[in-house]
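Quick mapping for you: the protein sequence lines, in order, are chains F and D. The first sequence maps to residues 568 to 816 in the numbering used here. The second sequence maps to residues 568 to 816 in the numbering used here.
Any given hint might turn out to be false.
Identical chains share a label here; the pair holds if one copy fits it or two copies do between them.
What the hints assert, rightly or not - Straight-line C-alpha distance at most 25 Å; calculated DMTMM-like pairs for lysine to aspartate or glutamate: (1) K686 x E762; (2) K686 x E771; (3) K678 x E771; (4) K640 x E621; (5) K680 x D761; (6) K700 x E762; (7) K606 x E659; (8) K743 x E715; (9) K804 x E815; (10) K743 x E762.
By construction, these hints were calculated from the structure, which means they are not laboratory data. Just so you know, these numbers come straight off a predicted model, no measurement behind them.
Number of protein chains: 2
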Amino acid sequence: MQTVIIGSGNVAYHLAKAFVLNNIPLTQIFGRNEGDLKKISEELNIPYSTEILEDAELYILCVSDHSVENVSKIIIKKDCLVAHTSGSLPKEILVGDYRKSSFYPLQTFSKSKDLDYEKIPFFIEAENEDDKKLLFTIASKISKNVMESTYEKRKYIHLIAVFACNFVNHLFSRAKEISDSQEIPFDYFLPLIDETVHKIYEIEPRSAQTGPAVRNDERVLQLHEQLLQGESLEIYKTMNHSIQEMYEL
Amino acid sequence: MQTVIIGSGNVAYHLAKAFVLNNIPLTQIFGRNEGDLKKISEELNIPYSTEILEDAELYILCVSDHSVENVSKIIIKKDCLVAHTSGSLPKEILVGDYRKSSFYPLQTFSKSKDLDYEKIPFFIEAENEDDKKLLFTIASKISKNVMESTYEKRKYIHLIAVFACNFVNHLFSRAKEISDSQEIPFDYFLPLIDETVHKIYEIEPRSAQTGPAVRNDERVLQLHEQLLQGESLEIYKTMNHSIQEMYEL
Chain F
568 MQTVIIGSGN
578 VAYHLAKAFV
588 LNNIPLTQIF
598 GRNEGDLKKI
608 SEELNIPYST
618 EILEDAELYI
628 LCVSDHSVEN
638 VSKIIIKKDC
648 LVAHTSGSLP
658 KEILVGDYRK
668 SSFYPLQTFS
678 KSKDLDYEKI
688 PFFIEAENED
698 DKKLLFTIAS
708 KISKNVMEST
718 YEKRKYIHLI
728 AVFACNFVNH
738 LFSRAKEISD
748 SQEIPFDYFL
758 PLIDETVHKI
768 YEIEPRSAQT
778 GPAVRNDERV
788 LQLHEQLLQG
798 ESLEIYKTMN
808 HSIQEMYEL
Chain D
568 MQTVIIGSGN
578 VAYHLAKAFV
588 LNNIPLTQIF
598 GRNEGDLKKI
608 SEELNIPYST
618 EILEDAELYI
628 LCVSDHSVEN
638 VSKIIIKKDC
648 LVAHTSGSLP
658 KEILVGDYRK
668 SSFYPLQTFS
678 KSKDLDYEKI
688 PFFIEAENED
698 DKKLLFTIAS
708 KISKNVMEST
718 YEKRKYIHLI
728 AVFACNFVNH
738 LFSRAKEISD
748 SQEIPFDYFL
758 PLIDETVHKI
768 YEIEPRSAQT
778 GPAVRNDERV
788 LQLHEQLLQG
798 ESLEIYKTMN
808 HSIQEMYEL
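Work the whole structure out from these sequences, hints included.
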């Protein structure tokens with residue numbers, strides 16, 4: 568089975584690494600950024616090219632959403648399977664006479680951060696049963712959590728991930744901005760953050776809510792608003808309003 | 568050393584438990600809610616009362632912010648130390664002729680959830696060195712992380728905790744609301760949530776930001792907005808606006 572990964576960013580790197588760690592052969596890693604490709608190629612011992620796309624049965628596009636359509640056009644082979652890895656694109660975005668599919672790993676990827684690949688949920692969509700089976704087989708070598716998903720469902724999965732990951736990280740950024748401004752080490756908050764996450768393994772988040780908004784503690788809410796400004800103040804008001812709406816306060 | 572905990576809620580329960588686990592003697596747990604007190608008393612083997620407050624050298628008030636002032640008046644003894652456990656109140660809120668202090672554990676407490684007490688940061692403020700030393704000694708038996716903090720600093724610590732804990736949990740609640748509505752198991756998102764938190768142990772949250780807003784991906788932002796309504800839509804817009812402001816997009 569010949570497989571090529573196209574791209575040299577965070578997703579390409581981690582997917583290539585997951586393949587190598589699970590002894591899934593990779594024919595090539597292909598892309599535009601030679602510096603990045605070379606680094607991945609050397610670390611994982613996979614051939615790379617910026618010019619000649621190897622012949623393969625499966626191409627996996629790990630490029631940014633807005634590049635998927637254009638990059639998909641470089642695959643001129645007909646009898647092959649092409650998968651993109653985006654949470655927010657239909658498989659029909661791919662342009663070519665090949666069979667189209669989606670191979671979506673639900674995780675946040677940073678190159679410098681190691682990952683436990685077997686816990687990453689993979690969502691798969693394909694045109695026919697054979698392709699589906701093939702992608703399931705590959706994903707199941709990497710992860711214990713492989714599922715089928717339509718584009719409709721994938722859109723929602725991606726949206727939920729934005730709330731549970733991207734926005735959560737931004738709250739950490741804003742929290743750190745405040746702690747930096749007051750010379751309070753952000754490390755103080757790590758046990759609290761850990762516990763906030765541990766809790767939802769045992770308790771519904773709705774039942775785990777604490778803080779001034781759910782207590783309807785107007786004094787503290789006003790005190791806090793006086794300490795804030797700009798975007799952090801907007802976040803503070805919007806989140807509290809949403810908490811109070813959820814609990815009908 | 569005679570110590571009394573006043574209150575029967577989550578903070579009272581966990582603080583009493585932390586005392587017992589670390590062999591710090593507790594004279595009594597005192598409060599209004601006999602049912603709750605009785606449960607704590609039986610589990611931790613500490614005497615309780617709803618009527619007669621025992622004589623002690625230290626009283627720790629674990630009651631809600633708006634009750635601190637009134638409850639503090641029941642301590643009529645003069646030669647003793649009284650501490651409240653609130654992040655957002657000055658020690659001067661306490662009304663009595665005793666010495667006043669603050670003993671603030673930075674954590675989110677739910678009765679049904681076990682905690683690793685030694686990781687909880689404790690912030691201490693007192694009127695004099697002896698009282699400070701006493702509270703430091705007690706807190707240091709429970710936790711490895713004990714610090715002094717003025718009211719000014721404590722206010723900010725509490726505010727940052729709201730962003731890093733209360734708001735993060737509310738994002739989980741809204742995310743779960745969406746996943747429930749689409750019949751997508753929320754468990755799918757737990758590895759992603761774990762990774763979002765693990766990342767900030769290694770990378771600055773500002774550098775770890777991913778998602779459509781920081782990529783300035785207008786197509787996905789608009790797609791997502793069409794899937795949302797009400798408070799979740801407001802959160803979506805506010806958070807993205809704040810992300811784009813932070814990265815000057």
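Structure-based check of all given hints:
{"no.": "1", "hint": "K686 x E762", "in the structure": "both (20 Å within a copy, 10 Å between copies)"}
{"no.": "2", "hint": "K686 x E771", "in the structure": "both (21 Å within a copy, 24 Å between copies)"}
{"no.": "3", "hint": "K678 x E771", "in the structure": "between (32 Å within a copy, 14 Å between copies)"}
{"no.": "4", "hint": "K640 x E621", "in the structure": "within (15 Å within a copy, 80 Å between copies)"}
{"no.": "5", "hint": "K680 x D761", "in the structure": "both (18 Å within a copy, 13 Å between copies)"}
{"no.": "6", "hint": "K700 x E762", "in the structure": "neither (39 Å within a copy, 28 Å between copies)"}
{"no.": "7", "hint": "K606 x E659", "in the structure": "neither (32 Å within a copy, 60 Å between copies)"}
{"no.": "8", "hint": "K743 x E715", "in the structure": "between (38 Å within a copy, 20 Å between copies)"}
{"no.": "9", "hint": "K804 x E815", "in the structure": "both (16 Å within a copy, 22 Å between copies)"}
{"no.": "10", "hint": "K743 x E762", "in the structure": "both (18 Å within a copy, 18 Å between copies)"}
Hints 6, 7, counting from the list given before, are not met by this structure.
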